[in-house]
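Given the structure of chain A, go ahead and fit chain B onto it with the hints provided.
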Amino acid sequence: MASATTTAVSRLGLAPRLVAIGLAGGLLSGLLGVGGGIVMVPLLVFWAAYPQRDAHAISLGAIIPISCASVVTYGVAGQIRPFAAIALAVGSIAGARIGAGALARIEERPLKLVFGLFLAAVAILMLVRS
Amino acid sequence: MTTAAILLFVGLAAFGVVTGAAAGLLGVGGGTLMVPFLTLAVGMSQHAAEATSLLVVLPTAIVASIVLRRRGVGDLGVALRFGTLGAVGGILGALLALALPAHVLRIVFAVFLALVAVRLIRDSLVAT
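Chains A and B supply the protein sequences, listed in that same order.
For what it's worth, our numbering labels the leading residue of the first sequence as 1, then goes sequentially.
For what it's worth, our numbering labels the leading residue of the second sequence as 1001, then goes sequentially.
Derived from the structure by calculation, the hints contain no laboratory data.
Accuracy of the hints is not assured; some may be wrong.
[Unchecked claim] Which bits of chain B does chain A cover? Going by a derived footprint, with three or more residues having C-beta under 8 Å, they are:
no. : segment
1   : 1033–1044
2   : 1050–1060
3   : 1082–1093
[Claimed, not checked] Pair ranges (Cβ atoms, derived):
no. : chain 1 : residue 1 : chain 2 : residue 2 : range
4   : B       : Val1104   : A       : Ala20     : 21 to 27 Å
5   : A       : Ala15     : B       : Met1001   : 48 to 54 Å
6   : A       : Gly13     : B       : Val1010   : 43 to 49 Å
7   : A       : Pro51     : B       : Ala1004   : 42 to 48 Å
8   : A       : Leu125    : B       : Thr1002   : 29 to 35 Å
9   : B       : Leu1100   : A       : Val72     : 19 to 25 Å
10  : B       : Met1001   : A       : Gly13     : 48 to 54 Å
11  : B       : Ala1099   : A       : Pro51     : 36 to 42 Å
12  : B       : Pro1101   : A       : Pro82     : 32 to 38 Å
We treat Cβ as the ideally placed atom computed from N, Cα and C, and that holds for glycine.
One chain only, chain A, in its complex shape:
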C-alpha cells in the first residue's frame, strides 16, 4: 500500500516539496474551510522559493482539480442557486481575464503588498468571526 502510494506520487513528477505543499494546502483548506490559494501561495513562496507571480499562477491552476473534487465530494448540487451562480460567473469570467492579465504584468513588490493586505484582511475576519 505504502509503496503503491509512493509510486503513484513519484509518477506525478513533482518535487517532494511540491507534493508536501499540495497535500498540506489541501488538508488545511479542507480542515479550516478556507480556499486553497490562501494556504498554497504563502507556502510556495516561503518554503518552495517560487517567485511571487508563479506561485499565484500555480495556485490558480491547482484550484481547478481542487474545486472539482469539492463539488463532487460535498454533494453541493442540491444547494446551488443557479440564478446567482450564472450571474456571478458571467461577471467573474470577465473579471478573471482582467485579473490574470494584471498578474502577468504586475511587478513583484506591488503584488506582495496587495496579497499581504488581502491576507491581513482575511486574518482579521477569521479572528473576528471565531
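Chain B only, in chain A's frame:
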C-alpha cells in the same frame, strides 16, 4: 424577468467582475469574497452560499489559467498535478475537521496568516 430580478442579476454580475479580477490577480478562488457577500448582502444560507461560490470558482480558475498559460506565466501541467494532490488533501482535511476542534485551529491559522501578511507587506516596502 421582473425589474428586481434584472437588477439583482446586474448587481451579482458586477460583484462577479470584482471577485474574478481579485481571483485572477491573487491566485485564489474568490470564495473568500463571495461567501460573505452571498450570505450578508443576498441573504443566502451559509451552505447555499458555499455551494454557489464553489461552482463560480471553477470557471473563474479555468479562464484565469488559460490567460496565464497564453502569457507564459507559471506551469499549468505542474499546477494541475499539484492541485490533484491538493484535492486528496482537501478530502482528508474535511474528514479531519469532523474530529478536531476547528475553532482553535482557525485562530491558530489566522495568526499564521497575519504573520505571512506582515512579512509580505514588509518585503514589499523595504528596498532590496
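Hints and how they fare:
no.: 1; hint: 1033–1044; in the structure: holds (count 5)
no.: 2; hint: 1050–1060; in the structure: holds (count 11)
no.: 3; hint: 1082–1093; in the structure: holds (count 12)
no.: 4; hint: B:Val1104 / A:Ala20: 21 to 27 Å; in the structure: 23 Å, holds
no.: 5; hint: A:Ala15 / B:Met1001: 48 to 54 Å; in the structure: 51 Å, holds
no.: 6; hint: A:Gly13 / B:Val1010: 43 to 49 Å; in the structure: 45 Å, holds
no.: 7; hint: A:Pro51 / B:Ala1004: 42 to 48 Å; in the structure: 47 Å, holds
no.: 8; hint: A:Leu125 / B:Thr1002: 29 to 35 Å; in the structure: 34 Å, holds
no.: 9; hint: B:Leu1100 / A:Val72: 19 to 25 Å; in the structure: 23 Å, holds
no.: 10; hint: B:Met1001 / A:Gly13: 48 to 54 Å; in the structure: 50 Å, holds
no.: 11; hint: B:Ala1099 / A:Pro51: 36 to 42 Å; in the structure: 37 Å, holds
no.: 12; hint: B:Pro1101 / A:Pro82: 32 to 38 Å; in the structure: 36 Å, holds
Checked against the numbered hints given earlier, this structure breaks none of them.
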